[in-house]
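Participant: Below, each chain spelled out in residue letters.
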Amino acid sequence: NAGVMQNPRHLVRRRGQEARLRCSPMKGHSHVYWYRQLPEEGLKFMVYLQKENIIDESGMPKERFSAEFPKEGPSILRIQQVVRGDSAAYFCASSTRPGGANRGATEAFFGQGTRLTVV
Amino acid sequence: GENVEQHPSTLSVQEGDSAVIKCTYSDSASNYFPWYKQELGKRPQLIIDIRSNVGEKKDQRIAVTLNKTAKHFSLHITETQPEDSAVYFCAASMEGNKLTFGTGTQLKVEL
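Top to bottom, those sequences are chains S and H. In case it helps, our numbering puts the first sequence at residues 31 to 149. In case it helps, our numbering puts the second sequence at residues 4 to 114.
In isolation and in its complexed conformation, chain S is listed as follows:
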């Protein structure tokens, strides 16, 4: 059972270009989460998606960033017109359906991340 797969592992973009980061969740997982990790910092939540639905995008910057999780294929995090401040590691995590009121949340498994460098 393959883990969470992210690609590319490393991505270099010039300022103003678009970056597309892909995430394939673990088999059987229908919930995908994107986190950003700036150098020497912790992970910050960006967006939570289920198939064809954005559940929570409270951590997404208002402009230039978008995410989708289509019915078929991987989840995509898209950054338009990248700037140097977008340079970071972007991690995707997946989990099974969250438990009910008496079971609580379930484990999230992380991919290897995409390290975006904007030059």
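Think of the hints as simulated: they come from the structure by calculation, not from any bench. It is possible that some hints are incorrect.
Okay, the calculated beta carbon distance ranges per label pair [claimed, not checked]: (1) 92/S with 15/H: 38 to 44 Å; (2) 59/H with 93/S: 42 to 48 Å; (3) 70/H with 110/S: 42 to 48 Å; (4) 91/S with 64/H: 36 to 42 Å.
Ideal Cβ placement from N, Cα and C applies to all residues, glycine included.
Model the placement of chain H on the given structure of chain S, informed by the hints.
Facilitator: Frame of chain S; chain H shown alone:
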């Protein structure tokens, strides 16, 4: 929203000693508290977690305690080894798995 604080930011211990990392959270609705270990340049890996209906959980040399009243939880590593050196993150979550992470603790186990 949830806010998680983590201390200390760096921790050096001698091999064989114990290491303790502490976290506090703000939202009493949080009911899931995982701990992740991240080695340099690698993915965060879940090492242990605890749910709000349990006060303590142990897995070999690693244990986690939770005090819901005080809203704090701690990671305990006993008999530390050099391979325990890494950055450790605590996190808190409510239903839906959006994790709010602490700022991390750089643990260094010295020979």
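Participant: Run every hint past the structure and note whether it holds.
Facilitator: Each hint tested on the structure:
1. 92/S with 15/H: 38 to 44 Å: Check passed, 41 Å falls within 38 to 44 Å.
2. 59/H with 93/S: 42 to 48 Å: holds, 45 Å
3. 70/H with 110/S: 42 to 48 Å: holds, 45 Å
4. 91/S with 64/H: 36 to 42 Å: holds, 40 Å
Of the hints listed earlier, there is not a single one the structure fails to meet.
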